[in-house]
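Note that the protein sequences, when read in sequence, are chains A, B, C and D. If you count the first sequence from 1, position 46 lands on 46 in this note's numbering, and the numbers rise without skipping. If you count the second sequence from 1, position 99 lands on 1099 in this note's numbering, and the numbers rise without skipping. If you count the third sequence from 1, position 3 lands on 2003 in this note's numbering, and the numbers rise without skipping. If you count the fourth sequence from 1, position 112 lands on 3112 in this note's numbering, and the numbers rise without skipping.
Derived by calculation from the structure, the hints in this document are not laboratory data. Warning: the hint list may mix true and false statements.
Quick list of in silico lysine-lysine cross-link-like pairs, PhoX-like style, CA-CA up to 20 angstroms [unchecked claim]: (1) C:Lys2221 with A:Lys257; (2) A:Lys221 with A:Lys307; (3) C:Lys2268 with A:Lys256; (4) A:Lys257 with C:Lys2256; (5) B:Lys1257 with D:Lys3257; (6) D:Lys3307 with B:Lys1257; (7) D:Lys3180 with D:Lys3307; (8) B:Lys1307 with B:Lys1221.
Facing chain D, a subset of chain A residues (Cβ under 8 angstroms, in silico) [unchecked claim]: (9) Gln88; (10) Glu231; (11) Met381.
Covered stretches of chain C, as calculated for chain B (at least 3 residues, CB under 8 angstroms) [to be verified]: (12) 2066-2080; (13) 2083-2094; (14) 2358-2367.
The structure displayed is predicted, hence computed values, not measured ones. Idealized CB from N, CA, C, for every residue including glycine.
Number of protein chains: 4
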Amino acid sequence: MSSLITVSLSRQESIQYFYTVRQNSERLCQSLQIEDYIIQTTPEASPAKWHLAHVTWFYETFILTVFSPNYRDFHPRFRYLFNSYYEQVGQFWPRPQRGLLSRPTVEETYRYRAYVDEQMAMLLETAEEEDWFDIEARLLIGLNHEQQHQELLLTDIKYNLAFNPLRPAYREDLPISSCKNAPLLRWFEYTGGLESIGFQGDGFAYDNESPRHQLYIPPFKLASRLITNGEFLAFVEAEGYQRAELWLSDGWSAVKKMGWKTPLYWEKLDGQWWQMTLAGMRLLVMDEPVCHVSYYEADAFATWQEKRLPTEAEWEFVARELPIQGNLRDSGFLQPVVAEQDTGLLQMFGDVWEWTQSPYSPYPGYRCQSGALGEYNGKFMCNQMVLRGGSCVTPNDHIRVTYRNFFYPHERWQFKGFRLAEDL
Amino acid sequence: MSSLITVSLSRQESIQYFYTVRQNSERLCQSLQIEDYIIQTTPEASPAKWHLAHVTWFYETFILTVFSPNYRDFHPRFRYLFNSYYEQVGQFWPRPQRGLLSRPTVEETYRYRAYVDEQMAMLLETAEEEDWFDIEARLLIGLNHEQQHQELLLTDIKYNLAFNPLRPAYREDLPISSCKNAPLLRWFEYTGGLESIGFQGDGFAYDNESPRHQLYIPPFKLASRLITNGEFLAFVEAEGYQRAELWLSDGWSAVKKMGWKTPLYWEKLDGQWWQMTLAGMRLLVMDEPVCHVSYYEADAFATWQEKRLPTEAEWEFVARELPIQGNLRDSGFLQPVVAEQDTGLLQMFGDVWEWTQSPYSPYPGYRCQSGALGEYNGKFMCNQMVLRGGSCVTPNDHIRVTYRNFFYPHERWQFKGFRLAEDL
Amino acid sequence: MSSLITVSLSRQESIQYFYTVRQNSERLCQSLQIEDYIIQTTPEASPAKWHLAHVTWFYETFILTVFSPNYRDFHPRFRYLFNSYYEQVGQFWPRPQRGLLSRPTVEETYRYRAYVDEQMAMLLETAEEEDWFDIEARLLIGLNHEQQHQELLLTDIKYNLAFNPLRPAYREDLPISSCKNAPLLRWFEYTGGLESIGFQGDGFAYDNESPRHQLYIPPFKLASRLITNGEFLAFVEAEGYQRAELWLSDGWSAVKKMGWKTPLYWEKLDGQWWQMTLAGMRLLVMDEPVCHVSYYEADAFATWQEKRLPTEAEWEFVARELPIQGNLRDSGFLQPVVAEQDTGLLQMFGDVWEWTQSPYSPYPGYRCQSGALGEYNGKFMCNQMVLRGGSCVTPNDHIRVTYRNFFYPHERWQFKGFRLAEDL
Amino acid sequence: MSSLITVSLSRQESIQYFYTVRQNSERLCQSLQIEDYIIQTTPEASPAKWHLAHVTWFYETFILTVFSPNYRDFHPRFRYLFNSYYEQVGQFWPRPQRGLLSRPTVEETYRYRAYVDEQMAMLLETAEEEDWFDIEARLLIGLNHEQQHQELLLTDIKYNLAFNPLRPAYREDLPISSCKNAPLLRWFEYTGGLESIGFQGDGFAYDNESPRHQLYIPPFKLASRLITNGEFLAFVEAEGYQRAELWLSDGWSAVKKMGWKTPLYWEKLDGQWWQMTLAGMRLLVMDEPVCHVSYYEADAFATWQEKRLPTEAEWEFVARELPIQGNLRDSGFLQPVVAEQDTGLLQMFGDVWEWTQSPYSPYPGYRCQSGALGEYNGKFMCNQMVLRGGSCVTPNDHIRVTYRNFFYPHERWQFKGFRLAEDL
């Protein structure tokens, strides 16, 4: 099992939890046109239809066909169409071609969801007591999995709409924060030492957050808030994107190959900087956290500033003292916002996932689980970097202080930014 | 102007003609789901939505903005989005990315059509008499252009649906021909000589069909009918696709690169041959004309048979004695059908476009017209081959004996087949 | 057999002819460094070592192993390494990887040549009389084949050296023509009519030059000389490479994809135009024929001038009245030269291969021969264009008035130029 | 400066050291044919000529032009041709095209070396005392740099010769080890704890080995020797290359994309396993360490065995107790050999670089130096994995216990193998 669970839900609680998560996915799609569900403008940004079906396939594959002996597939080919990458449960439709399928239609996809919901509710009510522990464990993974795809739904919709020269909005009615000026950037000092990080205790966590383990953290300083658009614009204007010496070698290759000149979604129109948001095109707000940057851009900015990015251990060591609150999805902005005036450590949770300088590796003592669910996390522990803290499109009840997100260093379409650190 | 026109329509006739063609396009889309309008599974097969908008853009660009002084664009960016390849009227959205746009929606696209229809009707009624000759000429090109896109609509819908492993039908209710056995293949002999081909006279024709010109046709024989699926299957079973010596050099490269083993849309399932049609998957009918083959496959088959493909001059020389009738779009099959038992020359019009061995070159004396409409035909006169006779998805009133269709030799997604010829 | 032969050589004549051709190949390589024999800077431009070995392989494969019963291969893997594209005699080393082989060394390659030369001489002396006709026929193809590769040796050496930023010369001692000013371009008129072209008669010719056949040539005009660098520079300076309307569609794609801004080998340095030649970098001579242009560039220039390229029939119809003389390889320039002052038809042979507007197709009645030698010409009769007249690197005794050279329209590394034609 | 140096050499010692290293490079090339110097069969495997010139360029660029005021370049374009990747000292010829240059010739390249040697000797003798510290520091980097390229010379020659279907040997006279049977694989246990790794003290080291820093090492077990060919063959025969569940996600993509079925250089001929070596084709010796595997293959094998790879800290923690001896370059095998029968920890140095599970990241407190020499190590600290211990082609005086080699996880052409570790 790809998670550590000491949760114990009643049958009714689990059904309630299940429905809540399931409805949230559909609610996120309410403002879409049917056409918007279909397209995939880059292999990374899957169609909304595919997300809705794939998370459903997850319950079907890992729960219903295992524990419901009479379960009949809604459609025999959906196993193939909506598997993402689980090699051990069979072949799958190629990821770059998810946007090339007009069928099943959106309406059929919703019927598929309703069918599986009904079957799941029946199972959750009637399952044998001896299966319950397993079912609950898989259900929790399934629901956390669906929450992850809720975040991807929003990032992928943003990408797919932004690709269109008409720059259509996902929702024109999104609120705008009233904060205007980012607080001064302060530095906090930490002595570190022989510490422990990783998950331990009650509740749900992914397997990659464990085991909790000791490690030595040298003394360090951490910035009080995220780097802003205005600060990053200074880097752009200082020709940061033309100065090879600021970049990692692979970063410089990416700059040249992709033609990067700014963060993703920035556009200069008639002398003014704009950015595409889920609410459509907006003027770039200079005091908002910079967003949609690659690891390479974050690292180059830090090099330019003669600073560095924090390690994930440093981040977790500091963040574990803080309450998990911030501009997460429930705030409704769906866009990073200007930090409040405050002299403490700000924006550790929400707004943007924070790039760390830590490669995504197994924790000491980590063992990847056997079986297809073991493919959830472990097989990605190479070539990716860890991000921490959640973003403005992360469900509030999904994030933890030990949560390890991971992406390839060149990827920019998630809500990703960074804060600086420094050796003490 | 890219056509030769000696037609003269009254205002009312022209409005009537206009509406008929316009409605035909929309009628062809009646059985589509909204999702089906959006996708593009290969750069060649444009989305149905794009076709509907592009043909509309044509009237807007070449007629309304020229002759309607107060014309206001339906949307300022549609000029960019729906230009296909007319370099002289500005930039255009890249062809391979036509399927990456969810907006405008299908509903907006139909509104765009209605708006342009209304504007066109107004212009056709009220245009100055002195403009009428020009308007009529451009209108006829526009309507013929739309008819060509009606054929592409069907070939592209077929490709885009066939790409889906669910193999959905465009229309499950398509009729099936009652003919069962193809007639014996006979050979007709012609002495040829100093002859003329090309368009001359009344009615509409494209500029590439002229000037009518003399050329010398050596004596030849022509097959009485098209090659059938059964005959082509014999080639497949004789390992024709593995025998390099039967293929043109570029053809053999294509076989290896594309992995061709049969014509497009053939599938062997449980020991039986099936083919994808607009009505969905059907058993391969052995006596139907083989369809969806490239020039290379047609040529390799001919080489295997120690025959050759006819030249376009041979085809036209023979076809001009025949009435223009056959399995064209109005027959409603939307699929090649078994030839009737008859001892004459069969299937010259309809069923499939017939590959000729003639490269698509200008006729002697041809001069490409200036201006953007000159890009219609002339700029493609290199690297493509001529096909003749129309197909089962060609509008009946669109085809002529002098009509020159042209495609790259590797392309297979149109309804293309062939008949054999031989030197005498 | 891929040729038509009514030649009859004595044994001694054939041996003499054989040695002459063989020595010429090696003489062309005398000025090379060992390193120059190895590299291949584009798939089209094979290493000199490969040419020397491949032409040798030809005799080994098509003559020695057929007629010398005791023939033993010089090396068992050379059959694989030095086959070019003859599918019927087995697999071959991939063309784009010919420059990735350091072994056999150059010295071994020369030993391979000497070995085959010796074996061939022995066969030519001692062959059974009953085999002689076949052997002679294959020998003539082999020698003409080697002559073609002598031309390729020079064009490929030029390309491979020009790729080097040091721009090394093949031979710094090449002579320079004394002509300074190109004569006025005149137009000659021809009535054409029902004519015949193609090879007939005594001597060697390739199969693609036959059968001689009738065709109708409409009245036309032909330019008295080739287009010059100066004339082509006017096209460059008129922004010809930026004006889409002048180009064939595939030509425009090539311009954009390849970034063409001038003919191949032109460079502007410090305000002056230079060109790479086999003698190294030289100032561009404005009155020399323009060279190293693609079909697309030739066609665009003609369109700009409101003229066209001649057909191959027009060219042959005119050229057959002329002696075969001009700036061919024996002149020693190895570079096109300024035409002499003369009021007649100039430069029909030599200087540059002339692009015609004729696609490379089989002549009426052409039948590709069976067997591997049938792969010599016929399988390329698609997607290529005919060029006529030979170039400054064509052996003088290799060219004929009926000779059909052919290349893809985008290729530029041969010595190719053009003259204009016009309808009368 | 990209190194930490507390070495202090006399002028004469430094000249002596310089000549020794320089001569070693040339001695390694003695058995090459001129042709072998030229080719590059993959972007990674540079031509021998390029290596010889590039290491020379290094002294020219970073020493001679800085400290020899009258230094004149041997050739003005060599700065461009032989820069590898130092963005701060100007543009460079593209890496994938290093094998496309026949000039400078090999002979010219040796003259370039001799010229720079002479200039360097003069500088080392006559430099101002105030410059000596800087010169010595740069000289040591240059010599270590050249030693690294000596290793690359051998790995690249091997790759470039192995690409040739003739499989020519670099040296047929290489010795063969007399050991026959690998000793039993034993496990050693270590308690770890709060330890320090990294370079400190006298002598030369690269900057990436410092600062020496504390870190916590959990208890672990380490295998006594490297995994052998025979053990890896068991993985091959257990269909390890077909079982997705054993592989990292990026590893599985590499297996499918590259078609890997065995380690690099293995071939099965007539039922027996062979491997290409610098001595040509040899039967695969089952008890030799497996070599030329990617990180992905090492990791998949470990997963199959339910073990893991060691971290670089574990490796260094253990290795620092051992003398630096083993099958390094001076042993003359230039091929991994069977371990001696011994009950201790074996093969920690030499034979093959050992993949660790540690991504190549900066040590805590590492700061990349400014200036072009700062590009030596720091800019590669992303996407690569650390390897430790040196190989059979590493110069004996080049390796250290703190030495961090790094390569992308998919790369196989270096002499790379692995040993297993396990959590305690």
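Violating hint indices (sorted, rising)
1, 3, 6, 7, 10, 12
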